[in-house]
Amino acid sequence: MRNLLQLLIVLWISLAISQNKQVLYGMTDIPQNLLLNPGSKIPQKLHIGVPFLSQIHLNGGSSGVSAHDIFGNSNEDINTVIRNKIFELSDRDFFSATQQLEIINFGWLAENKTYFSGGIYEELDFILYFPRDLAILAWEGNSDYLNYEFDLGQVSTRGDLLSVYHFGANKQINNKLTVGVRAKLYSSMLSFKSTNNRGTFVTVLGDEDSPNIYEHKLQNVDMSVETSGLASLQDLTGSAELSKKLIGRAFFGGNLGIGLDVGATYDVTNNITASASILDVGAIFHTKDVESYSVSSNYTLDGIELLFPPLLNGEGAPPYYDDLEDEIEREVPIDTLYNSYTQLRPTKMNASLAYSFGRSLDGSDDCNCKKTDGSPARNQQAGIQYYSIFRPKGPQLAGTLFYSRRFTNSLALKATYTVDSFSATNIGLGLVADMGILNFYLAADNLLGYQNLAKAKSVSLQLGFNIKIDRE
Amino acid sequence: MKANSAHTYLGIFSLIIFFSACVKDTDFNQANDIVVSPIVDLDLIYFDLPAITFFDTIASIPILTVSDTTDLPFLNDQDIVEKLKRVEFSFRATNSIQREFQVEFQFLTEENEISYSSQIPIDQGTVASPVVTEYIENVEGEALANLTMAGKVAVSVTIPSSNQNLDGTIKLESKATYYLEF
Numbered sequence: 032m033r034n035l036l037q038l039l040i041v042l043w044i045s046l047a048i049s050q051n052k053q054v055l056y057g058m059t060d061i062p063q064n065l066l067l068n069p070g071s072k073i074p075q076k077l078h079i080g081v082p083f084l085s086q087i088h089l090n091g092g093s094s095g096v097s098a099h100d101i102f103g104n105s106n107e108d109i110n111t112v113i114r115n116k117i118f119e120l121s122d123r124d125f126f127s128a129t130q131q132l133e134i135i136n137f138g139w140l141a142e143n144k145t146y147f148s149g150g151i152y153e154e155l156d157f158i159l160y161f162p163r164d165l166a167i168l169a170w171e172g173n174s175d176y177l178n179y180e181f182d183l184g185q186v187s188t189r190g191d192l193l194s195v196y197h198f199g200a201n202k203q204i205n206n207k208l209t210v211g212v213r214a215k216l217y218s219s220m221l222s223f224k225s226t227n228n229r230g231t232f233v234t235v236l237g238d239e240d241s242p243n244i245y246e247h248k249l250q251n252v253d254m255s256v257e258t259s260g261l262a263s264l265q266d267l268t269g270s271a272e273l274s275k276k277l278i279g280r281a282f283f284g285g286n287l288g289i290g291l292d293v294g295a296t297y298d299v300t301n302n303i304t305a306s307a308s309i310l311d312v313g314a315i316f317h318t319k320d321v322e323s324y325s326v327s328s329n330y331t332l333d334g335i336e337l338l339f340p341p342l343l344n345g346e347g348a349p350p351y352y353d354d355l356e357d358e359i360e361r362e363v364p365i366d367t368l369y370n371s372y373t374q375l376r377p378t379k380m381n382a383s384l385a386y387s388f389g390r391s392l393d394g395s396d397d398c399n400c401k402k403t404d405g406s407p408a409r410n411q412q413a414g415i416q417y418y419s420i421f422r423p424k425g426p427q428l429a430g431t432l433f434y435s436r437r438f439t440n441s442l443a444l445k446a447t448y449t450v451d452s453f454s455a456t457n458i459g460l461g462l463v464a465d466m467g468i469l470n471f472y473l474a475a476d477n478l479l480g481y482q483n484l485a486k487a488k489s490v491s492l493q494l495g496f497n498i499k500i501d502r503e
Numbered sequence: 047m048k049a050n051s052a053h054t055y056l057g058i059f060s061l062i063i064f065f066s067a068c069v070k071d072t073d074f075n076q077a078n079d080i081v082v083s084p085i086v087d088l089d090l091i092y093f094d095l096p097a098i099t100f101f102d103t104i105a106s107i108p109i110l111t112v113s114d115t116t117d118l119p120f121l122n123d124q125d126i127v128e129k130l131k132r133v134e135f136s137f138r139a140t141n142s143i144q145r146e147f148q149v150e151f152q153f154l155t156e157e158n159e160i161s162y163s164s165q166i167p168i169d170q171g172t173v174a175s176p177v178v179t180e181y182i183e184n185v186e187g188e189a190l191a192n193l194t195m196a197g198k199v200a201v202s203v204t205i206p207s208s209n210q211n212l213d214g215t216i217k218l219e220s221k222a223t224y225y226l227e228f
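So the protein lines, in turn, are chains A and B.
Residues 32 to 503, numbered by our numbering, are exactly what the first sequence covers, in order.
Residues 47 to 228, numbered by our numbering, are exactly what the second sequence covers, in order.
No lab work stands behind these hints, which were simulated from the structure alone.
Here the structure is a predicted model, which is why all the values come from computation and not from measurement.
The beta-carbon is built from N, C-alpha and C at its ideal position, and this holds for glycine as well.
Keep in mind that a hint or two might mislead.
[To be verified] These stretches of chain B come out as covered by chain A in the derived footprint (C-beta under 8 Å, 3 or more residues):
| id | stretch |
| --- | --- |
| 1 | 111 to 121 |
| 2 | 151 to 164 |
| 3 | 217 to 223 |
[To be verified] Calculated lysine-lysine pairs in the DSSO-like style (CA-CA distance at most 27 Å, straight line):
| id | chain 1 | residue 1 | chain 2 | residue 2 |
| --- | --- | --- | --- | --- |
| 4 | A | K248 | B | K217 |
| 5 | A | K215 | A | K76 |
| 6 | A | K224 | A | K144 |
| 7 | A | K248 | B | K198 |
| 8 | A | K248 | B | K129 |
| 9 | B | K217 | B | K198 |
| 10 | A | K215 | A | K202 |
| 11 | A | K76 | A | K202 |
| 12 | B | K129 | A | K116 |
| 13 | A | K319 | A | K275 |
| 14 | A | K319 | A | K215 |
| 15 | A | K424 | A | K224 |
| 16 | A | K116 | B | K131 |
| 17 | A | K319 | A | K116 |
| 18 | A | K207 | A | K144 |
Just chain A, same shape as in the assembly (with noise of 0.2 Å):
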């Protein structure tokens, strides 16, 4: 238990919505962009990624707790803290933390004016739902309740370590509406689940009828874990070994998948412009080193009944105590499966309206053109984005107020406001910059929470660095 709660909190500290990369959404000046929207307006006609370098993504948060709450400063005894944090959390609040690394990433714009782009990135996707009744009954013991249903159902987690590698084409329609699409294939390195889970966990005292004092029951337990990767992991020494097996599954050797991005990017009028996407709509397919382990059972615990049987000489006791195991072996069965699973992807929404404003970007006092490639031609916008992931509980929502600002040619900030699960205060901060054909951007939100660490719940931050040549 302590060890978990240390994990939780290293975990919490080296890593918002997870996966929510609103600062960066709708900045056409990043060539990532189009990674969150493949219908994504496009200034440039070329753009490199450096290798490894070019989208660092690191995000990590819970929604309920910091680690300020736990470890801060004061006079109340850790303990008491803790187990007040235990029952002021729901079966809601979770613990996630996502980390993608580009490996590469290019795009160029062909002679029929579609932009094809690809490349490949590896993800980490990890969120643990707070077991609240077994963090209350592991914390407290079940002496202090009697007839209090622990509810294992609130067992939920995935975790998934993959690789992507992706291919896009993206083409301007009309002077109003650029539409894009990409397809994704993923091979996934390690994976489990365990969601869907129900059951409860309940001692009551006995009637008249029971043989002893209490009655230890698991009613209507049906759990599972499902895991692909790992089993054959297990046998591996040192870690030599261990990424030699994972970067094998990275190309190619893993379980794989199939998935598909789609976006689109409308002009209502010459100053608001309009855009959505879905991210990730596609499946896993799981058919190698998949191993699940499952346990369905009605059982009450008495324990141990003493027959008193007359024993001849030398003649021992029944072995009552292995019986009992044998018992909970047959009555608590754990089936391991090697059966074959799908496993959808965590699918998300992004959607934006943007107002144009300020100062004309072609150097003309009155807009009434809009540049070739269809990118903002005032220098300032302001609006409003929407969020949402699926996750094993239902979809995570974040709504996001915006305002960006082009400097020079070569600089543009977009600052975001955002309102999600794990807080109401979070302010993010973007800057993309081109010195010469190199590009680079920095996106962070939870500013607020970097003034202390601690007291942040969650912390989302990417980088990175493209070659890019924009169109003439």
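Mind docking chain B on chain A? Use the hints.
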């Protein structure tokens, strides 16, 4: 705005992000003070013996003591022993036999040496009105150290006298409350 000042902004922004980030007002050493101390209630052993258990009808002689033994391997499991701070045993006997009983628990080591024992006197009852005897035994400190040397328990039930006309049953239920600290 010139490109140079743009780069200045870039630098300032990066610096603000990366060097203003800090962790304040926290004391992670408190992690060493975290103690998880659950209190776990679990059924222990139980039996329900009819009066005839205490009379050998074939040889027509009383059986004044019956015994049975069960392993309790978790008691001396080192992982548990280190975390166990106190144990409270609760016994409840329901006796409808017209005799008092002595129930003795002898906790035995692997070498069958008694490391801890407990005697429970049980009041006599009748079939018409069974008598309930409750008994609580708290084990901590040195006694707990002795208890956790044992991996099994021998239970003996002793009746002062018996005949084939005795009626009723003696039922014993028990639970243990384990006070743990991790």
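Each hint tested on the structure:
1. A count of 8 residues in the stretch 111 to 121 of chain B with a Cβ less than 8 Å from any Cβ of chain A is obtained; the coverage claim is therefore met, three being the minimum.
2. Counting residues of the stretch 151 to 164 of chain B whose CB lies closer than 8 Å to any CB of chain A gives 0, so the stated coverage by that chain is violated, three being the minimum.
3. Only residues whose C-beta sits within less than 8 Å of a C-beta in chain A count toward coverage, and the stretch 217 to 223 of chain B has 4 of them, enough to reach three; the restraint holds.
4. Distance check on the hinted pair: K248(A) and K217(B) sit about 22 Å apart at the alpha-carbon level, within 27 Å; holds.
5. As the CA atoms of K215(A) and K76(A) are separated by approximately 22 Å, the hinted pair is consistent with the 27 Å bound.
6. Among the hinted pairs, K224(A) with K144(A) is inconsistent with the structure: their alpha-carbon atoms are about 43 Å apart, more than 27 Å.
7. Proposed proximity of K248(A) and K198(B) is supported: the alpha carbons are some 25 Å apart, at most 27 Å.
8. Restraint check for K248(A) and K129(B): satisfied, since their Cα atoms lie roughly 25 Å apart, inside the 27 Å limit.
9. A hinted pair counts as satisfied when its Cα atoms are at most 27 Å apart, and K217(B) with K198(B) qualifies at roughly 21 Å.
10. For the suggested pair K215(A) and K202(A), the alpha carbons sit about 18 Å apart, so the restraint of at most 27 Å is met.
11. A distance of roughly 12 Å separates the Cα atoms of K76(A) and K202(A); the hinted pair therefore holds under the 27 Å criterion.
12. Pair hint K129(B) plus K116(A) holds up; C-alpha atoms about 24 Å apart against a cutoff of 27 Å.
13. Note on K319(A) and K275(A): the hinted pairing holds, with a Cα-Cα distance of about 17 Å set against a maximum of 27 Å.
14. A hinted pair counts as satisfied when its Cα atoms are at most 27 Å apart, and K319(A) with K215(A) qualifies at roughly 20 Å.
15. Simply put, K424(A) and K224(A) have alpha-carbon atoms about 13 Å apart, close enough for the 27 Å limit, and the pair holds.
16. Proposed proximity of K116(A) and K131(B) is supported: the alpha carbons are some 25 Å apart, at most 27 Å.
17. Among the hinted pairs, K319(A) with K116(A) is inconsistent with the structure: their alpha-carbon atoms are about 41 Å apart, more than 27 Å.
18. Note on K207(A) and K144(A): the hinted pairing holds, with a Cα-Cα distance of about 15 Å set against a maximum of 27 Å.
Checked against the numbered hints above, the structure breaks hints 2, 6, 17 and satisfies the rest.
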